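As given, the protein sequences belong to chains A and B, one line each in that order. First residue of the first sequence? That's 1 in full-length UniProt numbering, and the numbers climb one at a time after it. First residue of the second sequence? That's 1 in full-length UniProt numbering, and the numbers climb one at a time after it.
It is worth saying that the hints were derived from the structure and are not from the lab. Since this is a predicted model, take the numbers as computed values, not measurements. Hints should not be assumed to be uniformly reliable.
[Said to hold, decoys possible] In silico EDC-like pairs for lysine to aspartate or glutamate, Cα to Cα no more than 16 Å straight-line:
id, chain 1, residue 1, chain 2, residue 2
1, B, Lys72, A, Asp61
2, A, Lys89, A, Asp101
3, A, Lys89, A, Asp142
4, B, Lys118, B, Glu18
5, B, Lys72, A, Glu39
6, B, Lys72, B, Asp90
7, A, Lys89, A, Asp194
8, B, Lys72, A, Asp175
9, A, Lys89, A, Asp175
10, B, Lys72, A, Asp45
11, B, Lys118, A, Asp52
[Claimed, not checked] Residues on chain A that point at chain B, a partial pick, calculated with CB under 7 Å:
id, residue
12, Glu39
13, Ser42
14, Leu43
15, Leu46
16, Val58
17, Asp61
18, Ala164
[Claimed, not checked] Computed far set for chain B versus chain A, every beta-carbon distance over 10 Å:
id, residue
19, Ala24
20, Ala58
21, Leu97
22, Gly117
23, Ala235
Think of the CB as a built atom: it goes at the ideal place given N, C-alpha and C, for glycine as much as any other residue.
Next come the chains, spelled out residue by residue.
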Amino acid sequence: MRPRPLLLVLASVLALTACARRDAASTPAVTTSVEPAEERVSLYDLPSSWRDQRGATVHLDTLAGRVRVLAMVYTSCHATCPLIVADLKRVEASLTAAQRDDVGFVLVSLDPARDTPGRLAEWAAATRLDPTRWTLLNGDADAVRELAAAIGVRYQAEGPDALAHTNVITVLDADGAVVHQQLGLGAESRGTVDAVQRALR
Amino acid sequence: MRPILLALAMLPSVTGAEMVRVPAGTYRPLYGRPGDAPTVVAAFHLDRDPATRGEYLAFVRANPTWRRGAVKGVLADRRAYLADWRGDLDAGDAADLRRPVTGVSWFAARAYCAWRGKRLPTVLEWEYAAAASATRRDAARQPRFVQQLLTLYTTRPHPLPAITAAGAAGVANHYGVRGMHGLAWEWTADFNSVLVSDDSRGVGARDHDLFCASAAIGATDPANYPAFLRHALRAGLTGRAAVETLGVRCAA
């Protein structure tokens with residue numbers, strides 16, 4: 001997590017390169033193994049509060065105790081968000097039944113005004129996300145901006161109905177430390193699966 | 001009550017609490033879609049000077065969780081946060097206290113401004129105010145101004161000079177804001193908004209592959225190279241990054 005500006009610039013460029021067109025064979029996902037920090041850095045120390053798809057108020061530290069695979073999306077997104085969710089489902093499918101019990105998937109809305117808890121619940125059902133494993137979070141604009149800033153997701157409103165955003169899949173260990181990030185999308189999510197399995201050990 | 005009021009009245013103006021009103025106007029952001037109308041910027045207030053170490057020291061005194069030894073790692077890189085201070089509550093001598101504070105993370109800069117009853121400026125607000133030269137509201141396309149900024153960026157003094165009433169912080173721009181270019185880089189509220197590609201200066205089909213949205217956001221102003229530098233810096237940051245050349249100035 002130590003910021004190395006040049007590397008980070010490179011990483012964001014690569015992430016952007018990888019995210020738009022599924023048909024472009026030249027855009028593989030870039031995965032980044034995150035070196036263990038010399039100090040404890042937990043995403044769950046962010047003070048923001050959220051509501052899940054059941055409408056319950058949650059703080060991020062309620063996610064502790066399981067390995068989590070997290071992405072920031074929004075439900076009215078038809079460009080790349082379905083692909084992110086597909087990547088996450090592929091990770092889910094790659095795990096054994098026993099492993100799956102110890103892993104949770106978290107989708108955080110980039111569009112909190114429209115993605116109310118009720119809307120998130122409907123969408124989760126329509127997308128067939130197993131409610132025992134998938135948590136969908138709605139927070140205010142500040143909470144979303146903070147979480148994005150913490151994990152390196154960049155986003156920007158693009159007109160009234162669209163958001164431009166980078167595609168980042170983040171693996172968190174049971175304590176909320178970032179152990180792996182996949183930048184961009186890929187049919188090949190091996191790096192993410194490996195990171196989840198390492199974090200489970 | 002009276003002595004306290006008197007003491008407040010006698011605080012020197014170099015505390016930086018002074019704000020400047022930046023009037024409403026229009027601005028053409030560096031990144032936008034070709035043909036977009038200029039963006040309307042509402043009037044806002046901006047600190048005349050960047051926050052000093054002394055001002056930031058008052059913040060960490062009042063807010064122990066933001067002290068160097070106590071801050072959470074997710075909120076600031078603890079190895080770089082206020083790394084040039086002598087201790088948690090020792091920001092240096094009297095001259096040091098008047099230098100712009102640097103080595104603060106975005107989370108810290110935000111908390112600092114909130115504590116002062118202010119906020120961070122948006123990228124748009126910052127760039128709009130920073131486009132002003134000493135004489136013009138929008139000098140972003142003036143070759144001489146652009147050249148001045150590039151010179152300032154490459155000859156940044158180290159350590160940063162003290163901010164004094166006389167204006168060692170730099171020449172005031174058209175609005176009366178000082179040191180936006182000659183001192184530290186400065187945090188913005190939505191630094192992680194603009195999606196910058198490696199080289200968006202050419203508007204070609206390639207740009208459309210770079211963004212996860214229907215339309216590409218391309219650079220509208222290839223001549224504004226200083227703005228490219230600022231955007232490149234922002235693109236390299238996460239919220240916990242603390243950089244020795246990056247400080248904070250609040251808006252309201």
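Against the structure, the hints come out as follows:
Pair hint lysine 72(B) plus aspartate 61(A) holds up; C-alpha atoms about 14 Å apart against a cutoff of 16 Å. Distance restraint check for lysine 89(A) and aspartate 101(A): the Cα-Cα separation of roughly 14 Å lies within the 16 Å cut-off, and the hinted pair is therefore satisfied. Simply put, lysine 89(A) and aspartate 142(A) have alpha-carbon atoms about 28 Å apart, too far for the 16 Å limit, and the pair is violated. Only pairs whose Cα atoms come within 16 Å are accepted, and lysine 118(B) paired with glutamate 18(B) is accepted, the gap being roughly 12 Å.
With a C-alpha separation of about 10 Å, the suggested pairing of lysine 72(B) with glutamate 39(A) holds against the 16 Å cut-off. For the hint linking lysine 72(B) to aspartate 90(B), the alpha-carbon distance of about 19 Å lies beyond 16 Å, and the restraint is violated. Annotation: proposed proximity of lysine 89(A) to aspartate 194(A) holds, straight-line Cα distance about 15 Å (limit 16 Å). Under the criterion of a C-alpha separation no larger than 16 Å, the hint pairing lysine 72(B) with aspartate 175(A) is consistent with the structure, at around 14 Å.
Restraint check for lysine 89(A) and aspartate 175(A): the C-alpha separation of about 22 Å exceeds 16 Å, so the hint is violated. At roughly 7 Å between alpha-carbon atoms, lysine 72(B) and aspartate 45(A) fall within 16 Å of each other, so this suggested pair holds. Of the supplied pair hints, the one linking lysine 118(B) and aspartate 52(A) is violated, its CA atoms being roughly 30 Å apart against a limit of 16 Å. The interface hint given for glutamate 39(A) holds, since its Cβ lies 5 Å from the closest Cβ of chain B, which is under the 7 Å cut-off.
Here the hint on serine 42(A) is kept, as its CB sits about 6 Å from the closest CB of chain B, short of 7 Å. At its closest, the beta carbon of leucine 43(A) sits 6 Å from a beta carbon of chain B; the interface hint therefore holds under the 7 Å criterion. The interface hint given for leucine 46(A) is met, as the beta carbon of that residue sits about 6 Å from the closest beta carbon of chain B, less than 7 Å. For valine 58(A), the shortest C-beta to C-beta distance to chain B is roughly 17 Å, which exceeds 7 Å, and the interface hint is violated.
About 11 Å separates the beta-carbon of aspartate 61(A) from the nearest beta-carbon of chain B, more than 7 Å, and the hint is not met. A cut of 7 Å between beta carbons decides the hint on alanine 164(A): the least distance to chain B is about 4 Å, and the hint holds. Listed as a non-interface residue, alanine 24(B) keeps its Cβ farther than 10 Å from every Cβ of chain A; the least gap is roughly 20 Å. The Cβ of alanine 58(B) lies farther than 10 Å from every Cβ of chain A, with a closest approach of about 22 Å, so its non-interface assignment holds.
The Cβ of leucine 97(B) lies farther than 10 Å from every Cβ of chain A, with a closest approach of about 27 Å, so its non-interface assignment holds. With a minimum CB-CB distance of about 16 Å to chain A, glycine 117(B) clears the 10 Å threshold, and the non-interface call stands. Taking the minimum C-beta to C-beta distance to chain A, about 5 Å, the non-interface status of alanine 235(B) is violated against the 10 Å cut.
Comparing the model with each numbered hint stated earlier shows that hints 3, 6, 9, 11, 16, 17 and 23 do not hold.
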